[in-house]
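I would like the entire structure built from these sequences, with the hints used as guidance.
Protein chains in written order, with this note's numbering: chain A, 1 to 309; chain B, 1001 to 1334.
Careful, some of the hints might be misleading.
Taking CB as the label site, the calculated pair distances span [stated by the list, open to error]: (1) Leu-1313/B / Phe-265/A: 37 to 45 Å; (2) Leu-190/A / Arg-1251/B: 49 to 57 Å; (3) Leu-269/A / Leu-1321/B: 38 to 46 Å; (4) Gly-130/A / Ile-1168/B: 52 to 60 Å; (5) Gly-1227/B / Thr-208/A: 34 to 42 Å; (6) Ser-175/A / Leu-1011/B: 19 to 27 Å; (7) Leu-269/A / Ile-1184/B: 38 to 46 Å; (8) Met-1192/B / Leu-269/A: 21 to 29 Å; (9) Ser-1247/B / Phe-163/A: 57 to 65 Å; (10) Thr-208/A / Leu-1320/B: 54 to 62 Å; (11) Val-136/A / Leu-1320/B: 19 to 27 Å; (12) Ala-135/A / Ile-1168/B: 26 to 34 Å; (13) Phe-1233/B / Leu-190/A: 31 to 39 Å; (14) Leu-1321/B / Thr-208/A: 36 to 44 Å.
The hints are simulated quantities; they were obtained by calculation from the structure and are not laboratory data. By construction, the Cβ of each residue, glycine as well, lies at the ideal position given by its N, Cα and C atoms.
Chain residues, written in single-letter form:
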Amino acid sequence: MTGLPTDLLEAPSIPAPELTIFRERTPTEAIAAFCRRNPQTVIGLAMIATLLLIGIVGPLFVNTNDADPLSALPAQSPSRTYPLGTDDQGRDLLAAMVAGLPDTLRIGFLAGAIGLGIGIILGFLSGYLGGPVDAVVRIAVDTLLTIPGLLILITIAASIKTFISVNTMALVIASLAWRQPTRIIRAQVLTMRERAYVQVARRSGMNTLEIIGRELLPNLFPFLAASFVGAVFGAILFSIGLEALGLGPQNQPTLGMTIYWSLRFGALLRGMWWWWMPPIVVLVVLFFGLLLLTIGLDEIANPRLRRTA
Amino acid sequence: MNAGYVVRRVLQFLIVLWAAATINFILPRLAPGNPVRDRLVSQASQGGPLQDGIEEMVRSYNKQFGLDKPLYVQYVLYLQHVATLDFGYSIANYPNRVMTMIGRTLPWTVGLLLVSLVISFTLGTLLGALVTWSRASKVFRVLIGPAMALSAVPQFLLGLILLFLFAILATVFPLSGGYSIGAIPNFSMPFMLDMMRHAFLPGLSIVLTGIGFWALGMRGMMITTKGEDYINFAEAKGLRDRRIFFSYAIRNAILPQVTGFAINLGTIISGVVIVEVIFGYPGMGSLLFNAISGSDYFLIYGIVYVTVLVIGLATLIVDLLYPILDPRITYRRA
Chain A
1 MTGLPTDLLE APSIPAPELT IFRERTPTEA IAAFCRRNPQ TVIGLAMIAT
51 LLLIGIVGPL FVNTNDADPL SALPAQSPSR TYPLGTDDQG RDLLAAMVAG
101 LPDTLRIGFL AGAIGLGIGI ILGFLSGYLG GPVDAVVRIA VDTLLTIPGL
151 LILITIAASI KTFISVNTMA LVIASLAWRQ PTRIIRAQVL TMRERAYVQV
201 ARRSGMNTLE IIGRELLPNL FPFLAASFVG AVFGAILFSI GLEALGLGPQ
251 NQPTLGMTIY WSLRFGALLR GMWWWWMPPI VVLVVLFFGL LLLTIGLDEI
301 ANPRLRRTA
Chain B
1001 MNAGYVVRRV LQFLIVLWAA ATINFILPRL APGNPVRDRL VSQASQGGPL
1051 QDGIEEMVRS YNKQFGLDKP LYVQYVLYLQ HVATLDFGYS IANYPNRVMT
1101 MIGRTLPWTV GLLLVSLVIS FTLGTLLGAL VTWSRASKVF RVLIGPAMAL
1151 SAVPQFLLGL ILLFLFAILA TVFPLSGGYS IGAIPNFSMP FMLDMMRHAF
1201 LPGLSIVLTG IGFWALGMRG MMITTKGEDY INFAEAKGLR DRRIFFSYAI
1251 RNAILPQVTG FAINLGTIIS GVVIVEVIFG YPGMGSLLFN AISGSDYFLI
1301 YGIVYVTVLV IGLATLIVDL LYPILDPRIT YRRA
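This is the structure we're talking about:
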C-alpha cells in the first residue's frame, strides 16, 4: 500500500456546521406556507366547507320538517319567524335551504365519486394494457364527449320521472360523469407507464396490480383529486340543469327544485325574490368554490402551470 | 388530408347517431309504465270517471304504433324511421308531427346560438390573447378575473339574474318570448329590431358565461406561441406590433380554439336549452321543456336526436376543415 498520502488521515476534522437554517418546519408553518403558495385551494375549500357546515349544523337550529309543504303560511316575505320567507305551498324556505343543500351536495359527490371510480378502472385498463381495450375505451370516450350530456340525461330522467330520488338522480348523472376522468387518467397513465421507476418496479418482479397500486396510484393522487373536483362540478351542474326543467326529486327541496318551483309559480314576476335568490346565491358560492379548488389542485398536479399563471 | 381519416371520422359520426337512436329506443322500453296508457288514463281522469274502454284503446294504439310486434322488428322499423327523420306524431299536440314542430323552433335556437357563440368566441379569444401581450393595456389583465368567475356560473342562473335586473327592476328589455305579442314573424326591419331586443338578454347570458372559457384556452396557447423563434425573428425584423400580434401570434395560437369549439358545443347547447326556458324563447329548449311537462315522449326523443345530429354534423365539419385551416397537420395512423 505504497503511495497512500498518510497526511490525509491525520488531517484535522472539520466540525459540521450547525444546520439551524434548515430545521424542520412546524406543522403550523407548513400550513401557512401552503396557504401563501396556493391561496385558491384554501379559499375554495373554505367556501365548500362553509356550505357543508350549513347542512350539518343547520338542522340543529332549524326544524327541517318545515321544509315540507303546508308547514307555514304560504307566500310570506322574510320576517323574524321565517328569515327567508315561505313559498306558495307553505314551505319555510330557510328550512328548505338547510334540508336541500346537503341533497344537492350529495348528488354531486356521489355522482362524482362513481364517475371517478369508473374513470380510474377504465383509465388504467386502457392506458396500461393498450391494444384493443384501449381502442374501445378511447373511441367510446371521444364519442361520448361530443354528445350533449344534458339532453341524454333528460331522456333518461324523463323516462323515470315519477320516481326520481336523490340517489337515483346521482346514478343517472354518474352514467355520464366518467368521461372526463377516464380521459385524464388514461393520458397520465400513458406518460407514466414508461417512466424509469415503473420500469424498475417491473424488473424487480412486481405484478401489474402491485405496480398500479404502489407506484402509479400514489403518483396520480393530485390528478385524481383534481378530476374528482371536476367531476363533482359537472355533476352538480347537470343536476341543477335537470332540476330546473322539473326532472329532479319531486319531494325533496334541493336547490334546483326550489328554483324550478319558484319559476313554475311565477315568483320572478310576483316580486318574490326571497324564493329564487337564496338558492342562486348558494349555488354561485358553491360553483366558485369548486372552480377555485380545481384551479388550485391543477397547479399542485401540474406545477408547470404556475409559471404561466 | 388522407381518405382513411375521412372514412374513420364519418364512421365515428354514424356510430354516434346509431348510439343515440338506440338509447332512444331502449330507454322507454326499460322504463316502467306505458306512455300510451299513462296518456289515456290522464286524459280519462280529466274527462270523468268513465274508464271502461281504456285497455281496449291501449291495445289498438299499440297495434297502430307497431308496439305489439316482436322487439327486433320494432327496432329495425325504428331505425328506418329515424334514418328518414320520421319521429311520428306528438302525443300532446296530436295532429302535429314531431318533425314539423322541431322544424318550426330550430331556426330560433340556431340563430340565437350562432350569434352569441361567435361573439363570445371572438371576445374571449381576443381577451385571452391580449392578456399575454406585454404591450397591451393592463386593463385586460384585470378583466380576465371577472370573465373566469362568470364562466363558473351556469348560463341560466346568470340569465335569471339578468332577467331580474334588466326586465323587472329596470324594464329595459322584454320579460319573455322571441318577439312582441301580436307581431307576425317576417323579415322587415321593425320586426328584426324587435326580435333582437328579445334575444338580447338570453344572448348576453350565453356570451358572458362563455368568454372565460375561450380566454383561458387562448391564453395557454399564446404563451407557448410567444416563445417561438418566428415571433422573435418578426420582432427583430422590426415588424409593427399589431402585425406580429394578429398575423404571427394569433394566427398560430387560434387553431386549438377551433377544436375547443367542437368539444364544447354539446355543453353549450345543454345550457342554452335551459336559458330558453327561463326567457320563454320560442326555440327547441322551450319545446323540450313543454314536451317534458306534457310527458310527450316522442317529441322528447325527436328533439334529443335532432340535437345530437346537429352537433355531430358540426363537429364533423370542424374536424374535416381543421387540416385545411392548419396546413401543418396531416392525419396519419400513429
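For Leu-1321/B and Thr-208/A, compare the CB-CB distance with the range 36 to 44 Å and indicate the outcome. Given range 36 to 44 Å: holds, Cβ gap about 42 Å.
Can the suggested window of 31 to 39 Å be confirmed for the beta-carbon pair Phe-1233/B and Leu-190/A? holds (35 Å)
Taking the CB of Ser-1247/B and the CB of Phe-163/A, does the distance hold inside 57 to 65 Å? For Ser-1247/B and Phe-163/A the Cβ distance comes to about 59 Å; the hint holds.
Range hint 21 to 29 Å: satisfied by the CB atoms of Met-1192/B and Leu-269/A? holds (27 Å)
Verdict for Leu-269/A, Ile-1184/B (Cβ pair) under range 38 to 46 Å: The hinted range 38 to 46 Å is violated for Leu-269/A and Ile-1184/B, with Cβ atoms some 26 Å apart.
Verdict for Val-136/A, Leu-1320/B (Cβ pair) under range 19 to 27 Å: holds (24 Å)
Given a hinted range of 34 to 42 Å, is it respected by the beta-carbon distance of Gly-1227/B and Thr-208/A? holds (39 Å)
Holds or violated: 37 to 45 Å for the Cβ distance of Leu-1313/B and Phe-265/A? holds (39 Å)
Is the gap between the beta carbons of Gly-130/A and Ile-1168/B within 52 to 60 Å? Because 58 Å falls inside the window, the suggested range holds.
Using the Cβ atoms, figure out if Ala-135/A sits within 26 to 34 Å of Ile-1168/B. violated (54 Å)
Is 49 to 57 Å a correct range for the gap between the Cβ atoms of Leu-190/A and Arg-1251/B? Given about 31 Å between the Cβ atoms, the range is violated.
Leu-269/A versus Leu-1321/B beta-carbon gap, inside 38 to 46 Å or not: For Leu-1321/B against Leu-269/A, whose Cβ atoms are near 45 Å apart, the range 38 to 46 Å holds.
The earlier numbered hints that this structure contradicts are 2, 7, 10 and 12.
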